[in-house]
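Protein chains in written order, with my numbering: chain A, 1 to 134; chain B, 1 to 395.
One thing to keep in mind: the hints can contain errors.
To be verified - The calculated lysine-lysine pairs, modelled on DSS-like cross-linking and capped at a C-alpha distance of 25 Å, are:
(1) B:K41 with B:K216
(2) A:K88 with B:K41
(3) A:K6 with B:K188
(4) B:K360 with B:K225
(5) B:K155 with B:K188
(6) B:K295 with A:K75
(7) B:K188 with A:K75
(8) B:K295 with B:K273
(9) A:K12 with B:K360
(10) A:K12 with B:K273
(11) B:K273 with A:K6
Simulated from the structure, these hints should not be mistaken for laboratory data.
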Amino acid sequence: MLFRRKIHTEFKGYPSITQDVSDCLAESGVREGYCCVMIPHATAALAITSFWDPRGLDDLVDELDRNIPTRVSYKNQSSPYDASGHVKSVLLGSTALLPVHNGKLVLGSSQGLVLMEFDGPRTRDFTVMINAAE
Amino acid sequence: MKNNPKDSPLCNQVFSLPGMVEEQVEICFSPEQLEQILPIKDCFDIRKVFLTGCGDSLAAAGNMTPIIEKYCDIMSCKALDPITFTRYMTKSDIGIGEPNSPLVLSISAGGETARVVEVLKKASELGAFPLVITGKPDSTCAETAKKAFIMNTPKMANDFPGLRSYLANMIGITAIACRLGLVRGVLKPEDPQNWKNAIINYVQSYEPVMEQISDKILALAEDWKDFRRFDFIGDGVSRNAALFAQEKFYEVTGSIGCCSDSEDFCHINYFVKDPETVGTVFFAYQDQPSYSRIKETIGSCVKIGRPVLVITDADDDFGPDVTKIILPVTPAGFPWLRPLMDYVPAALLAGYIAEVGERKYFNSYMAHTFARDAESKFFAPGTLTLKTSMINYIL
């Protein structure tokens with residue numbers, strides 16, 4: 001079962017989409033199976049990380065910026081944020097495959113799904129595919 | 001048989017604007033072209049912007065200066081005439097020493113205007129960033145500038161004198177402002193598309209009212225066809241619409257015109273002899289800080305017997321003797337769209353007066369046949385020096 005959702009991001013924002021994905025799972029009625037989440041954008045990414053201390057997410061953004069800064073020398077000349085965002089997106093990835101057990105996503109107690117925005121603000125899509133196990 | 005005044009070169013161009021805008025916007029906002037003329041590094045080098053051009057190009061520059069100031073994160077932006085730039089400004093007046101700055105954005109639709117070539121040569125020699133907006137990729141201007149932004153305006157028969165190129169040039173400046181604003185982090189990633197949509201929708205919003213405006217202006221042209229003197233009054237950015245109107249009246253009607261603002265007009269032009277024979281055109285918009293002063297000046301003109309046309313977005317009653325044209329309002333957040341089209345009534349008036357008054361374009365051309373008067377002295381070799389003027393700039 002495929003779900004498409006939209007979310008509005010802030011510049012370099014990192015909104016949680018864990019609840020949105022859980023809502024899709026509940027709507028599907030699947031109890032056992034797999035859930036695939038995908039961000040169909042080239043300047044955003046999907047990460048699984050902790051939300052307990054939001055400063056950890058700030059660290060993530062800072063470290064990505066430190067290693068892949070917005071600079072003028074990218075061959076992609078769209079904009080510095082767009083060019084560096086492409087690289088960050090590839091390195092972090094755009095998909096996550098999660099087990100589903102007892103009708104819930106199998107995640108660590110502090111883990112959640114976060115959409116990493118490397119450009120923005122803009123409206124982003126994400127897709128959720130839920131398959132029941134045979 | 002007389003020609004149909006609505007089927008004239010200038011008026012046909014006016015009517016064509018809503019139909020051309022979408023293609024022109026796509027050309028100007030093409031990421032490939034913008035990235036080629038303004039790579040990211042060059043965008044960050046720019047500290048100041050000078051906009052310049054001759055005739056209506058200077059009006060286009062003045063109209064679009066506010067969006068560069070607002071959205072490009074630069075120290076300053078100034079529109080100025082080319083001869084001031086080339087002959088009166090020194091290196092220290094122009095730049096502060098950084099390489100590749102200021103951006104000297106020059107406009108020349110035909111690409112051969114000597115004074116604009118002079119601007120580009122001087123900017124090159126100073127180490128600034130000379131960029132030309134032009135319709136001619138193989139022109140002297142395009143070859144002299146560091147980069148040429150080619151408008152590729154959709155072709156139309158008899159697009160003379162240039163009016164479509166005026167809109168194209170303003171869209172071109174807008175695209176450059178959008179590019180700088182995006183790269184320098186002022187604009188959001190979705191803004192280029194929002195700007196494109198806003199420009200297209202606003203220009204096309206004239207389509208349903210164009211016929212109504214045209215009919216009213218044609219009736220006015222019948223009343224004003226024998227006038228030989230005109231005043232055009234606009235404040236702030238609208239001063240550029242007044243300037244453009246003045247220029248078109250010179251070009252296609254051969255009449256004397258003067259552009260001023262609502263305050264200066266009261267001190268000077270107000271006192272001209274035989275006021276009932278001076279066509280007086282106001283640009284008056286509710287959101288202008290000087291709107292109350294403009295209304296006072298309109299009232300004064302009516303009292304001394306001036307024939308008055310008010311181009312406005314207001315429902316205000318300016319009196320029974322005033323012809324009023326109401327323009328489509330700009331959408332919220334996009335007040336800078338108005339200059340893209342606010343010259344429409346004045347351009348139609350110039351075109352219709354030329355037709356019903358049987359004037360020659362540039363005192364030399366039969367409008368419908370484009371045949372140049374063989375005895376015209378205006379275009380005699382060695383007389384008109386727009387393209388042949390001596391290049392001579394000071395550093």
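For each hint, the structure was consulted:
Annotation: proposed proximity of K41 (chain B) to K216 (chain B) is violated, straight-line Cα distance about 51 Å (limit 25 Å). Annotation: proposed proximity of K88 (chain A) to K41 (chain B) holds, straight-line Cα distance about 21 Å (limit 25 Å). Under the criterion of a C-alpha separation no larger than 25 Å, the hint pairing K6 (chain A) with K188 (chain B) is consistent with the structure, at around 18 Å. For the suggested pair K360 (chain B) and K225 (chain B), the alpha carbons sit about 13 Å apart, so the restraint of at most 25 Å is met.
Straight-line distance between C-alpha atoms of K155 (chain B) and K188 (chain B) comes to about 33 Å, which puts the hinted pair past the 25 Å bound. Proximity of K295 (chain B) to K75 (chain A) is assessed by CA-CA distance (about 54 Å); at most 25 Å being required, the pair is judged violated. About 21 Å separates the Cα atoms of K188 (chain B) and K75 (chain A), which keeps this hinted pair within 25 Å; it holds. Between K295 (chain B) and K273 (chain B) the CA atoms are separated by roughly 22 Å; this keeps the pair inside 25 Å, and the hint holds.
Between the alpha carbons of K12 (chain A) and K360 (chain B) the distance comes to roughly 60 Å, so the proposed pair goes past 25 Å and is violated. For the given pair, K12 (chain A) sits about 65 Å from K273 (chain B) by alpha-carbon distance, which is inconsistent with the 25 Å threshold. Pair hint K273 (chain B) plus K6 (chain A) does not hold up; C-alpha atoms about 67 Å apart against a cutoff of 25 Å.
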